[in-house]
Amino acid sequence: MPHGSLRRLPVGGITLAFLVGLLLAGLLNLPNFSAAQQDSRYTAGAATAPPPAAVASLQNLSEAFASVAEAVKPSVVFIKSGKRRDQDERSQPRMQVPPGFEEFMPQLPQMQPPEFQEAAGSGFIVSRDGYILTNDHVVDGSDAVTVRLLDRREFKAKVIGTDPGTDLAVLKIDATNLTPAPLGDSDAARVGEWVLAVGNPLGENLTFTVTSGIISAKGRTLALPNVSDRSIQDFIQTDAAINPGNSGGPLVSTGGRVLGVNSAIASRTGFYSGYGFAIPINLARQVMDQIISHGEVRRSVLGIAVRNASANDAAYVGLPDIRGVLVEDFGSDSSAARRAGIEAGDIIITVDGKPVEYVGQLQQRIAFRKPGEAVKVEVARKGGVRKTYEVRLQAMPGAAAVAARSGIGAGETGGAGAAMGRLGVTVAPVSREDVARFELTAAQRGLVVTDVSAGGPSWGELVDGDRGGPDIILEVEGKPVKSTAELSQILKGMKAGDILSLRVYNTQAKNRRVERIKLGE
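Note that my numbering has the sequence shown beginning at 19, numbered continuously upward.
Since the hints were made in silico from the structure, they are not lab data.
Some clues are possibly wrong.
To be verified - Pairs of lysine-lysine, DSS-like flavour, derived with a Cα cap of 25 Å:
#1 394 - 372
#2 510 - 400
#3 405 - 388
To be verified - Okay, the calculated beta carbon distance ranges per label pair:
#4 135 - 208: 40 to 46 Å
#5 288 - 391: 39 to 45 Å
#6 351 - 401: 23 to 29 Å
#7 168 - 79: 23 to 29 Å
We put the beta carbon where it would ideally sit given N, CA and C, even for glycine.
Using the sequences provided together with the hints, build the complete structure.
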(Lines of atoms letter the chains of each structure in order from A and count residues from 1; the text may use other names and numbers.)
(Lines give C-alpha, C1' and ligand atoms only; values in the text may rest on other atoms or scores of the structure.)
Protein backbone atom coordinates (compact mmCIF):
# COMPACT_ATOMS: atom_id res chain seq x y z
CA MET A 1 0.00 0.00 0.00
CA PRO A 2 1.47 3.37 -1.00
CA HIS A 3 1.07 4.94 2.44
CA GLY A 4 3.12 2.31 4.24
CA SER A 5 2.96 -1.19 5.58
CA LEU A 6 0.09 -2.64 7.54
CA ARG A 7 0.78 -4.03 10.95
CA ARG A 8 -0.88 -5.08 14.14
CA LEU A 9 -0.39 -2.38 16.71
CA PRO A 10 2.72 -3.17 18.78
CA VAL A 11 2.06 -3.55 22.46
CA GLY A 12 3.77 -1.10 23.99
CA GLY A 13 16.73 22.11 24.76
CA ILE A 14 13.37 24.00 24.47
CA THR A 15 13.72 25.96 27.76
CA LEU A 16 17.24 27.20 26.92
CA ALA A 17 16.16 28.50 23.52
CA PHE A 18 13.26 30.35 25.11
CA LEU A 19 15.54 32.13 27.64
CA VAL A 20 18.01 33.12 24.93
CA GLY A 21 15.15 34.59 22.94
CA LEU A 22 14.06 36.73 25.88
CA LEU A 23 17.61 38.02 26.41
CA LEU A 24 18.00 39.05 22.76
CA ALA A 25 14.65 40.80 22.79
CA GLY A 26 15.76 42.87 25.78
CA LEU A 27 19.15 43.81 24.31
CA LEU A 28 17.69 44.84 20.96
CA ASN A 29 14.76 46.71 22.56
CA LEU A 30 12.26 44.77 20.36
CA PRO A 31 8.56 45.70 20.85
CA ASN A 32 6.81 43.40 23.28
CA PHE A 33 3.44 41.77 22.72
CA SER A 34 1.41 44.36 24.65
CA ALA A 35 2.88 47.18 22.58
CA ALA A 36 1.91 45.44 19.38
CA GLN A 37 -1.64 45.09 20.65
CA GLN A 38 -1.90 48.85 21.18
CA ASP A 39 -0.61 49.72 17.69
CA SER A 40 -3.46 51.06 15.56
CA ARG A 41 -2.08 49.24 12.55
CA TYR A 42 -3.15 45.99 14.17
CA THR A 43 -6.41 47.04 15.82
CA ALA A 44 -7.93 48.60 12.71
CA GLY A 45 -8.51 45.26 11.03
CA ALA A 46 -9.81 43.34 14.04
CA ALA A 47 -11.52 40.03 13.21
CA THR A 48 -15.30 39.90 13.24
CA ALA A 49 -16.76 37.73 15.99
CA PRO A 50 -18.15 34.42 14.68
CA PRO A 51 -21.95 34.07 14.51
CA PRO A 52 -23.51 32.91 17.80
CA ALA A 53 -24.94 29.79 16.12
CA ALA A 54 -21.49 28.66 14.96
CA VAL A 55 -20.04 29.21 18.43
CA ALA A 56 -22.88 27.22 19.97
CA SER A 57 -22.31 24.32 17.55
CA LEU A 58 -18.61 24.19 18.36
CA GLN A 59 -19.31 24.39 22.06
CA ASN A 60 -21.85 21.56 21.78
CA LEU A 61 -19.35 19.36 19.93
CA SER A 62 -16.62 20.16 22.44
CA GLU A 63 -18.97 19.38 25.31
CA ALA A 64 -19.95 16.08 23.67
CA PHE A 65 -16.30 15.02 23.34
CA ALA A 66 -15.54 15.97 26.94
CA SER A 67 -18.64 14.18 28.27
CA VAL A 68 -17.91 11.01 26.31
CA ALA A 69 -14.27 10.95 27.42
CA GLU A 70 -15.30 11.44 31.05
CA ALA A 71 -17.87 8.64 30.83
CA VAL A 72 -15.75 6.11 28.95
CA LYS A 73 -12.31 6.49 30.55
CA PRO A 74 -13.28 4.53 33.73
CA SER A 75 -14.10 1.56 31.47
CA VAL A 76 -10.71 1.54 29.72
CA VAL A 77 -7.84 -0.51 31.18
CA PHE A 78 -4.07 -0.62 30.79
CA ILE A 79 -2.83 -4.16 30.11
CA LYS A 80 0.67 -5.45 30.76
CA SER A 81 1.51 -8.92 29.49
CA GLY A 82 4.72 -10.85 30.10
CA LYS A 83 6.41 -13.89 28.67
CA ARG A 84 9.22 -15.91 30.23
CA ARG A 85 12.04 -16.85 27.89
CA ASP A 86 13.44 -20.36 27.90
CA GLN A 87 17.13 -20.81 28.60
CA ASP A 88 17.65 -21.88 24.98
CA GLU A 89 16.12 -18.61 23.76
CA ARG A 90 18.30 -16.54 26.08
CA SER A 91 21.57 -18.22 25.17
CA GLN A 92 23.26 -16.47 22.27
CA PRO A 93 26.44 -17.74 20.59
CA ARG A 94 29.43 -15.46 21.03
CA MET A 95 30.94 -13.78 18.00
CA GLN A 96 33.88 -15.88 16.80
CA VAL A 97 37.20 -13.98 16.48
CA PRO A 98 39.49 -15.19 13.67
CA PRO A 99 42.70 -16.90 14.93
CA GLY A 100 45.56 -14.42 15.45
CA PHE A 101 43.23 -11.43 15.94
CA GLU A 102 42.38 -12.05 19.62
CA GLU A 103 44.56 -9.18 20.94
CA PHE A 104 42.97 -6.72 18.52
CA MET A 105 39.35 -7.89 19.04
CA PRO A 106 38.86 -8.85 22.68
CA GLN A 107 35.73 -10.79 23.55
CA LEU A 108 32.93 -8.46 24.61
CA PRO A 109 30.52 -9.35 27.42
CA GLN A 110 27.69 -11.44 26.11
CA MET A 111 24.37 -9.58 25.94
CA GLN A 112 21.51 -11.63 27.38
CA PRO A 113 17.87 -11.01 26.49
CA PRO A 114 15.68 -10.45 29.53
CA GLU A 115 14.30 -13.55 31.22
CA PHE A 116 10.85 -11.93 31.35
CA GLN A 117 9.78 -9.80 28.39
CA GLU A 118 6.90 -7.36 28.90
CA ALA A 119 4.53 -5.69 26.46
CA ALA A 120 1.62 -3.31 26.94
CA GLY A 121 -1.75 -2.63 25.39
CA SER A 122 -5.31 -1.57 26.09
CA GLY A 123 -8.71 -3.09 26.73
CA PHE A 124 -12.12 -2.14 28.06
CA ILE A 125 -14.51 -3.50 30.66
CA VAL A 126 -17.67 -5.15 29.29
CA SER A 127 -19.32 -6.34 32.54
CA ARG A 128 -19.59 -5.14 36.14
CA ASP A 129 -18.06 -8.41 37.38
CA GLY A 130 -14.76 -8.02 35.54
CA TYR A 131 -14.87 -9.30 31.94
CA ILE A 132 -12.56 -7.33 29.65
CA LEU A 133 -12.32 -7.29 25.85
CA THR A 134 -8.97 -6.76 24.12
CA ASN A 135 -6.91 -7.98 21.14
CA ASP A 136 -5.50 -11.47 20.93
CA HIS A 137 -2.09 -10.09 19.96
CA VAL A 138 -1.94 -8.09 23.21
CA VAL A 139 -1.92 -11.27 25.33
CA ASP A 140 -0.81 -13.94 22.84
CA GLY A 141 1.76 -16.29 24.38
CA SER A 142 1.75 -14.46 27.72
CA ASP A 143 2.58 -16.20 30.99
CA ALA A 144 1.20 -13.36 33.12
CA VAL A 145 -1.32 -10.58 32.43
CA THR A 146 -1.92 -7.57 34.67
CA VAL A 147 -4.77 -5.07 34.34
CA ARG A 148 -4.63 -1.51 35.72
CA LEU A 149 -7.76 0.58 36.10
CA LEU A 150 -8.12 4.34 35.77
CA ASP A 151 -8.08 4.65 39.58
CA ARG A 152 -4.64 2.90 39.55
CA ARG A 153 -5.80 -0.34 41.10
CA GLU A 154 -4.07 -3.39 39.59
CA PHE A 155 -5.37 -6.96 39.19
CA LYS A 156 -3.94 -10.18 37.85
CA ALA A 157 -6.07 -11.22 34.89
CA LYS A 158 -7.09 -14.64 33.64
CA VAL A 159 -7.27 -15.19 29.88
CA ILE A 160 -10.74 -16.73 29.41
CA GLY A 161 -10.22 -17.38 25.70
CA THR A 162 -8.81 -16.02 22.47
CA ASP A 163 -9.73 -16.07 18.78
CA PRO A 164 -6.75 -15.42 16.47
CA GLY A 165 -9.11 -15.43 13.47
CA THR A 166 -10.60 -12.12 14.61
CA ASP A 167 -7.66 -11.00 16.81
CA LEU A 168 -9.86 -10.84 19.91
CA ALA A 169 -9.42 -12.03 23.49
CA VAL A 170 -11.49 -11.97 26.67
CA LEU A 171 -9.90 -11.48 30.11
CA LYS A 172 -11.39 -11.71 33.62
CA ILE A 173 -10.32 -9.90 36.77
CA ASP A 174 -11.57 -10.56 40.30
CA ALA A 175 -13.41 -7.29 40.88
CA THR A 176 -16.99 -6.08 41.23
CA ASN A 177 -18.99 -2.91 40.68
CA LEU A 178 -16.88 -1.95 37.71
CA THR A 179 -17.98 0.48 34.99
CA PRO A 180 -18.69 -1.41 31.73
CA ALA A 181 -18.49 0.48 28.45
CA PRO A 182 -21.85 0.59 26.63
CA LEU A 183 -21.69 -1.30 23.32
CA GLY A 184 -23.16 0.30 20.21
CA ASP A 185 -24.22 -0.91 16.75
CA SER A 186 -21.31 -0.83 14.31
CA ASP A 187 -23.60 -1.70 11.39
CA ALA A 188 -25.45 1.57 11.93
CA ALA A 189 -22.24 3.64 12.15
CA ARG A 190 -21.75 5.95 9.16
CA VAL A 191 -18.67 7.10 7.27
CA GLY A 192 -17.94 10.68 8.33
CA GLU A 193 -19.26 10.19 11.86
CA TRP A 194 -17.11 11.61 14.69
CA VAL A 195 -15.41 9.03 16.94
CA LEU A 196 -12.98 8.99 19.87
CA ALA A 197 -10.18 6.47 20.40
CA VAL A 198 -9.26 5.78 24.02
CA GLY A 199 -6.22 3.79 25.12
CA ASN A 200 -2.62 3.72 26.21
CA PRO A 201 -0.38 4.76 23.30
CA LEU A 202 3.38 4.31 23.65
CA GLY A 203 3.31 2.68 27.08
CA GLU A 204 2.83 3.81 30.65
CA ASN A 205 3.69 7.49 30.19
CA LEU A 206 0.63 8.21 28.03
CA THR A 207 -2.03 6.00 29.61
CA PHE A 208 -5.74 6.74 29.14
CA THR A 209 -5.18 9.08 26.18
CA VAL A 210 -8.20 10.30 24.18
CA THR A 211 -7.93 11.22 20.47
CA SER A 212 -10.63 12.24 18.00
CA GLY A 213 -11.35 11.75 14.31
CA ILE A 214 -14.01 10.42 11.99
CA ILE A 215 -14.92 7.05 10.53
CA SER A 216 -13.04 7.16 7.23
CA ALA A 217 -14.35 3.91 5.71
CA LYS A 218 -15.98 0.59 6.57
CA GLY A 219 -15.54 -2.99 5.40
CA ARG A 220 -11.75 -2.81 4.99
CA THR A 221 -9.61 -5.93 4.56
CA LEU A 222 -5.91 -5.79 5.42
CA ALA A 223 -2.82 -7.80 4.49
CA LEU A 224 -1.86 -8.34 8.12
CA PRO A 225 0.67 -10.87 9.42
CA ASN A 226 -0.74 -14.32 10.27
CA VAL A 227 -3.95 -13.84 8.28
CA SER A 228 -5.43 -17.24 7.38
CA ASP A 229 -8.55 -18.70 5.77
CA ARG A 230 -10.13 -18.52 9.23
CA SER A 231 -9.63 -14.78 9.57
CA ILE A 232 -12.69 -12.53 9.46
CA GLN A 233 -11.81 -9.03 8.29
CA ASP A 234 -14.34 -6.21 8.26
CA PHE A 235 -12.37 -3.29 9.69
CA ILE A 236 -13.61 0.21 10.45
CA GLN A 237 -11.04 2.74 9.23
CA THR A 238 -10.53 5.94 11.21
CA ASP A 239 -8.23 8.95 11.24
CA ALA A 240 -8.36 9.24 15.04
CA ALA A 241 -4.73 9.03 16.17
CA ILE A 242 -3.92 5.42 17.11
CA ASN A 243 -0.43 4.29 18.09
CA PRO A 244 1.38 1.26 19.53
CA GLY A 245 -0.26 0.50 22.86
CA ASN A 246 -3.75 1.49 21.66
CA SER A 247 -4.40 -2.15 20.72
CA GLY A 248 -7.57 -3.43 22.33
CA GLY A 249 -8.90 0.00 23.31
CA PRO A 250 -12.36 1.20 22.30
CA LEU A 251 -13.39 3.34 19.34
CA VAL A 252 -16.35 5.30 20.70
CA SER A 253 -19.20 7.28 19.12
CA THR A 254 -20.21 10.76 20.26
CA GLY A 255 -23.13 9.01 21.93
CA GLY A 256 -20.65 7.28 24.24
CA ARG A 257 -21.07 3.76 22.80
CA VAL A 258 -18.26 1.49 21.63
CA LEU A 259 -18.26 0.97 17.85
CA GLY A 260 -14.99 -0.95 17.51
CA VAL A 261 -11.85 -2.45 19.04
CA ASN A 262 -8.70 -0.62 17.87
CA SER A 263 -6.33 -3.15 16.36
CA ALA A 264 -4.02 -2.06 13.52
CA ILE A 265 -2.36 0.88 11.81
CA ALA A 266 -1.01 1.59 8.34
CA SER A 267 2.47 3.03 8.79
CA ARG A 268 6.00 3.10 7.39
CA THR A 269 7.49 3.79 10.79
CA GLY A 270 5.28 1.79 13.16
CA PHE A 271 3.68 5.00 14.46
CA TYR A 272 0.54 6.91 13.53
CA SER A 273 0.39 8.02 9.88
CA GLY A 274 -3.29 8.88 9.56
CA TYR A 275 -4.85 5.44 9.19
CA GLY A 276 -6.13 3.30 12.04
CA PHE A 277 -8.34 0.21 11.94
CA ALA A 278 -10.83 -1.18 14.43
CA ILE A 279 -12.73 -4.48 14.63
CA PRO A 280 -16.50 -3.71 14.46
CA ILE A 281 -18.15 -4.20 17.84
CA ASN A 282 -20.98 -6.29 16.32
CA LEU A 283 -18.39 -8.87 15.24
CA ALA A 284 -16.48 -8.54 18.52
CA ARG A 285 -19.65 -9.05 20.56
CA GLN A 286 -20.40 -12.38 18.84
CA VAL A 287 -16.86 -13.62 19.44
CA MET A 288 -16.90 -12.40 23.04
CA ASP A 289 -20.24 -14.10 23.82
CA GLN A 290 -18.93 -17.45 22.55
CA ILE A 291 -15.68 -17.16 24.48
CA ILE A 292 -17.51 -16.35 27.70
CA SER A 293 -20.04 -19.17 27.15
CA HIS A 294 -17.71 -21.89 25.83
CA GLY A 295 -14.14 -20.69 26.39
CA GLU A 296 -13.62 -20.84 22.62
CA VAL A 297 -15.20 -19.77 19.35
CA ARG A 298 -17.23 -22.35 17.47
CA ARG A 299 -17.88 -21.55 13.83
CA SER A 300 -20.01 -22.86 11.02
CA VAL A 301 -19.15 -22.77 7.33
CA LEU A 302 -20.75 -23.20 3.93
CA GLY A 303 -17.74 -25.20 2.72
CA ILE A 304 -16.66 -22.82 -0.03
CA ALA A 305 -13.65 -20.73 -1.08
CA VAL A 306 -14.67 -17.17 -1.96
CA ARG A 307 -13.54 -13.69 -2.97
CA ASN A 308 -15.25 -10.34 -3.52
CA ALA A 309 -17.04 -10.10 -6.86
CA SER A 310 -15.33 -7.97 -9.50
CA ALA A 311 -16.81 -5.70 -12.19
CA ASN A 312 -16.55 -8.52 -14.73
CA ASP A 313 -18.22 -10.96 -12.33
CA ALA A 314 -21.13 -8.58 -11.78
CA ALA A 315 -21.56 -7.98 -15.51
CA TYR A 316 -21.39 -11.72 -16.24
CA VAL A 317 -24.38 -12.48 -13.99
CA GLY A 318 -26.30 -9.29 -14.79
CA LEU A 319 -25.95 -7.46 -11.49
CA PRO A 320 -26.68 -3.71 -11.83
CA ASP A 321 -23.87 -2.86 -9.38
CA ILE A 322 -20.63 -4.49 -8.24
CA ARG A 323 -21.41 -6.44 -5.09
CA GLY A 324 -21.65 -9.95 -3.71
CA VAL A 325 -19.24 -12.79 -3.08
CA LEU A 326 -17.96 -15.11 -5.80
CA VAL A 327 -17.85 -18.86 -5.13
CA GLU A 328 -14.44 -20.00 -6.42
CA ASP A 329 -14.29 -23.59 -5.21
CA PHE A 330 -15.51 -26.06 -2.59
CA GLY A 331 -13.65 -27.27 0.47
CA SER A 332 -14.44 -30.89 -0.38
CA ASP A 333 -16.98 -33.10 -2.14
CA SER A 334 -18.99 -33.07 1.09
CA SER A 335 -19.28 -29.27 1.07
CA ALA A 336 -22.66 -28.17 2.41
CA ALA A 337 -23.04 -25.56 -0.33
CA ARG A 338 -22.15 -28.02 -3.06
CA ARG A 339 -24.64 -30.60 -1.79
CA ALA A 340 -27.35 -27.94 -1.73
CA GLY A 341 -26.79 -27.10 -5.42
CA ILE A 342 -24.56 -24.03 -5.37
CA GLU A 343 -22.02 -24.01 -8.21
CA ALA A 344 -18.53 -22.59 -8.67
CA GLY A 345 -18.91 -19.20 -10.37
CA ASP A 346 -22.13 -18.33 -8.53
CA ILE A 347 -22.24 -14.95 -6.81
CA ILE A 348 -23.88 -14.99 -3.36
CA ILE A 349 -26.03 -11.85 -3.04
CA THR A 350 -28.20 -12.52 0.04
CA VAL A 351 -28.32 -14.80 3.11
CA ASP A 352 -31.74 -15.19 4.71
CA GLY A 353 -32.87 -12.17 2.71
CA LYS A 354 -30.13 -9.87 4.00
CA PRO A 355 -27.82 -8.37 1.35
CA VAL A 356 -24.24 -9.63 1.11
CA GLU A 357 -21.85 -6.99 -0.20
CA TYR A 358 -18.40 -8.47 0.55
CA VAL A 359 -16.59 -11.46 2.05
CA GLY A 360 -16.36 -10.20 5.64
CA GLN A 361 -20.10 -9.62 5.69
CA LEU A 362 -20.82 -13.15 4.43
CA GLN A 363 -18.51 -14.62 7.06
CA GLN A 364 -20.37 -12.83 9.82
CA ARG A 365 -23.76 -13.94 8.45
CA ILE A 366 -22.61 -17.57 8.60
CA ALA A 367 -19.76 -18.12 11.07
CA PHE A 368 -21.63 -17.77 14.36
CA ARG A 369 -24.67 -19.91 13.47
CA LYS A 370 -24.94 -23.44 14.86
CA PRO A 371 -23.77 -26.40 12.73
CA GLY A 372 -26.81 -28.06 11.17
CA GLU A 373 -28.79 -24.81 11.08
CA ALA A 374 -30.40 -24.10 7.70
CA VAL A 375 -29.85 -20.80 5.89
CA LYS A 376 -31.30 -19.55 2.61
CA VAL A 377 -28.56 -18.48 0.20
CA GLU A 378 -29.50 -16.52 -2.93
CA VAL A 379 -27.07 -16.64 -5.86
CA ALA A 380 -26.78 -14.88 -9.21
CA ARG A 381 -25.77 -16.80 -12.35
CA LYS A 382 -25.01 -16.10 -15.98
CA GLY A 383 -27.73 -14.33 -17.90
CA GLY A 384 -29.45 -12.82 -14.86
CA VAL A 385 -30.57 -16.13 -13.38
CA ARG A 386 -31.37 -15.93 -9.63
CA LYS A 387 -31.70 -19.03 -7.47
CA THR A 388 -32.14 -19.57 -3.73
CA TYR A 389 -30.83 -22.68 -1.98
CA GLU A 390 -31.35 -23.95 1.56
CA VAL A 391 -27.95 -24.88 2.95
CA ARG A 392 -27.45 -26.80 6.20
CA LEU A 393 -24.28 -25.41 7.75
CA GLN A 394 -21.39 -27.63 8.77
CA ALA A 395 -18.90 -27.18 11.58
CA MET A 396 -15.59 -25.60 10.64
CA PRO A 397 -13.04 -28.41 10.25
CA GLY A 398 -10.05 -28.64 12.56
CA ALA A 399 -6.89 -26.67 11.83
CA ALA A 400 -5.04 -29.72 10.49
CA ALA A 401 -7.78 -30.37 7.93
CA VAL A 402 -7.58 -26.90 6.44
CA ALA A 403 -3.85 -26.25 6.77
CA ALA A 404 -2.46 -24.93 3.51
CA ARG A 405 -0.10 -27.18 1.64
CA SER A 406 3.31 -25.73 0.82
CA GLY A 407 3.61 -24.46 -2.73
CA ILE A 408 5.72 -26.02 -5.49
CA GLY A 409 8.41 -23.74 -6.87
CA ALA A 410 7.41 -21.89 -10.02
CA GLY A 411 8.98 -22.94 -13.27
CA GLU A 412 8.57 -22.94 -17.01
CA THR A 413 6.32 -25.58 -18.54
CA GLY A 414 7.32 -27.62 -21.51
CA GLY A 415 6.42 -26.40 -24.99
CA ALA A 416 5.89 -22.93 -26.40
CA GLY A 417 2.12 -23.40 -26.71
CA ALA A 418 -0.45 -21.54 -28.79
CA ALA A 419 -1.23 -17.82 -28.49
CA MET A 420 -4.86 -16.89 -27.75
CA GLY A 421 -4.79 -13.23 -28.79
CA ARG A 422 -8.19 -12.05 -27.58
CA LEU A 423 -7.62 -13.73 -24.20
CA GLY A 424 -4.07 -12.37 -24.02
CA VAL A 425 -2.38 -15.65 -23.08
CA THR A 426 -0.28 -18.42 -24.53
CA VAL A 427 -1.34 -21.93 -23.46
CA ALA A 428 -0.16 -25.49 -23.92
CA PRO A 429 -1.69 -28.87 -23.02
CA VAL A 430 -0.52 -30.38 -19.73
CA SER A 431 2.47 -32.64 -20.39
CA ARG A 432 3.76 -35.70 -18.52
CA GLU A 433 6.49 -33.48 -17.09
CA ASP A 434 3.85 -31.05 -15.80
CA VAL A 435 1.92 -33.88 -14.14
CA ALA A 436 5.04 -35.06 -12.31
CA ARG A 437 6.39 -31.60 -11.47
CA PHE A 438 3.13 -30.20 -10.11
CA GLU A 439 1.69 -33.51 -8.80
CA LEU A 440 -1.48 -33.07 -10.83
CA THR A 441 -4.53 -35.29 -10.44
CA ALA A 442 -6.83 -36.13 -13.35
CA ALA A 443 -9.15 -33.29 -12.32
CA GLN A 444 -6.30 -30.75 -12.46
CA ARG A 445 -5.31 -31.22 -16.10
CA GLY A 446 -6.15 -28.77 -18.85
CA LEU A 447 -4.22 -25.99 -20.56
CA VAL A 448 -1.10 -24.59 -18.89
CA VAL A 449 -0.67 -20.81 -19.11
CA THR A 450 2.88 -20.39 -20.40
CA ASP A 451 2.73 -16.62 -20.96
CA VAL A 452 0.42 -13.67 -20.15
CA SER A 453 0.59 -10.63 -22.43
CA ALA A 454 1.60 -7.53 -20.45
CA GLY A 455 -1.36 -5.17 -20.26
CA GLY A 456 -3.61 -7.66 -22.06
CA PRO A 457 -7.11 -8.89 -21.03
CA SER A 458 -5.71 -11.55 -18.68
CA TRP A 459 -2.91 -9.44 -17.19
CA GLY A 460 -3.37 -9.42 -13.42
CA GLU A 461 -5.96 -12.22 -13.61
CA LEU A 462 -3.98 -15.23 -14.86
CA VAL A 463 -0.34 -16.04 -14.09
CA ASP A 464 2.40 -17.96 -15.85
CA GLY A 465 5.42 -19.69 -14.33
CA ASP A 466 7.28 -16.41 -13.80
CA ARG A 467 4.57 -14.77 -11.71
CA GLY A 468 3.45 -17.26 -9.07
CA GLY A 469 2.12 -20.15 -11.09
CA PRO A 470 1.62 -21.34 -13.63
CA ASP A 471 -2.16 -21.42 -13.80
CA ILE A 472 -3.93 -24.28 -15.53
CA ILE A 473 -7.21 -23.49 -17.31
CA LEU A 474 -9.58 -26.38 -16.51
CA GLU A 475 -12.91 -25.15 -17.87
CA VAL A 476 -14.18 -22.36 -20.11
CA GLU A 477 -17.88 -21.48 -19.82
CA GLY A 478 -18.39 -24.71 -17.89
CA LYS A 479 -16.78 -26.87 -20.61
CA PRO A 480 -13.55 -28.79 -19.87
CA VAL A 481 -10.64 -27.82 -22.15
CA LYS A 482 -7.74 -30.21 -22.74
CA SER A 483 -6.43 -28.94 -26.07
CA THR A 484 -5.70 -25.58 -27.66
CA ALA A 485 -8.17 -26.47 -30.44
CA GLU A 486 -11.01 -26.76 -27.90
CA LEU A 487 -10.21 -23.34 -26.46
CA SER A 488 -9.93 -21.79 -29.95
CA GLN A 489 -13.32 -23.20 -30.87
CA ILE A 490 -14.97 -21.61 -27.83
CA LEU A 491 -13.31 -18.24 -28.55
CA LYS A 492 -14.56 -18.29 -32.16
CA GLY A 493 -18.13 -17.97 -30.94
CA MET A 494 -17.37 -14.85 -28.87
CA LYS A 495 -16.62 -11.24 -29.72
CA ALA A 496 -14.50 -8.45 -28.26
CA GLY A 497 -15.98 -7.15 -25.01
CA ASP A 498 -17.68 -10.45 -24.13
CA ILE A 499 -16.88 -11.76 -20.64
CA LEU A 500 -15.48 -15.27 -20.46
CA SER A 501 -15.78 -17.44 -17.34
CA LEU A 502 -12.75 -19.63 -16.59
CA ARG A 503 -12.17 -22.30 -13.97
CA VAL A 504 -8.47 -22.23 -13.07
CA TYR A 505 -6.09 -24.30 -10.94
CA ASN A 506 -2.94 -22.65 -9.58
CA THR A 507 -0.01 -25.04 -9.30
CA GLN A 508 1.78 -23.04 -6.62
CA ALA A 509 -1.10 -22.23 -4.26
CA LYS A 510 -2.70 -25.60 -5.11
CA ASN A 511 -6.21 -24.22 -5.25
CA ARG A 512 -8.96 -23.69 -7.78
CA ARG A 513 -10.69 -20.41 -8.51
CA VAL A 514 -12.98 -18.66 -10.98
CA GLU A 515 -11.80 -15.80 -13.21
CA ARG A 516 -14.01 -13.61 -15.38
CA ILE A 517 -12.09 -11.98 -18.25
CA LYS A 518 -13.32 -9.42 -20.78
CA LEU A 519 -12.03 -10.37 -24.23
CA GLY A 520 -9.89 -7.96 -26.24
CA GLU A 521 -9.92 -7.26 -29.95
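Hint check results:
1. 394 - 372: Holds. Residue 394 to residue 372 sits at ~10 Å (cutoff 25 Å).
2. 510 - 400: Given pair residue 510, residue 400 holds - Cα atoms ~19 Å apart, limit 25 Å.
3. 405 - 388: 24 Å, holds
4. 135 - 208: 40 to 46 Å: 41 Å, holds
5. 288 - 391: 39 to 45 Å: 43 Å, holds
6. 351 - 401: 23 to 29 Å: 27 Å, holds
7. 168 - 79: 23 to 29 Å: The hinted range 23 to 29 Å holds for residue 168 and residue 79, with Cβ atoms some 24 Å apart.
Violated hints for the displayed structure: none, as all numbered hints are satisfied.
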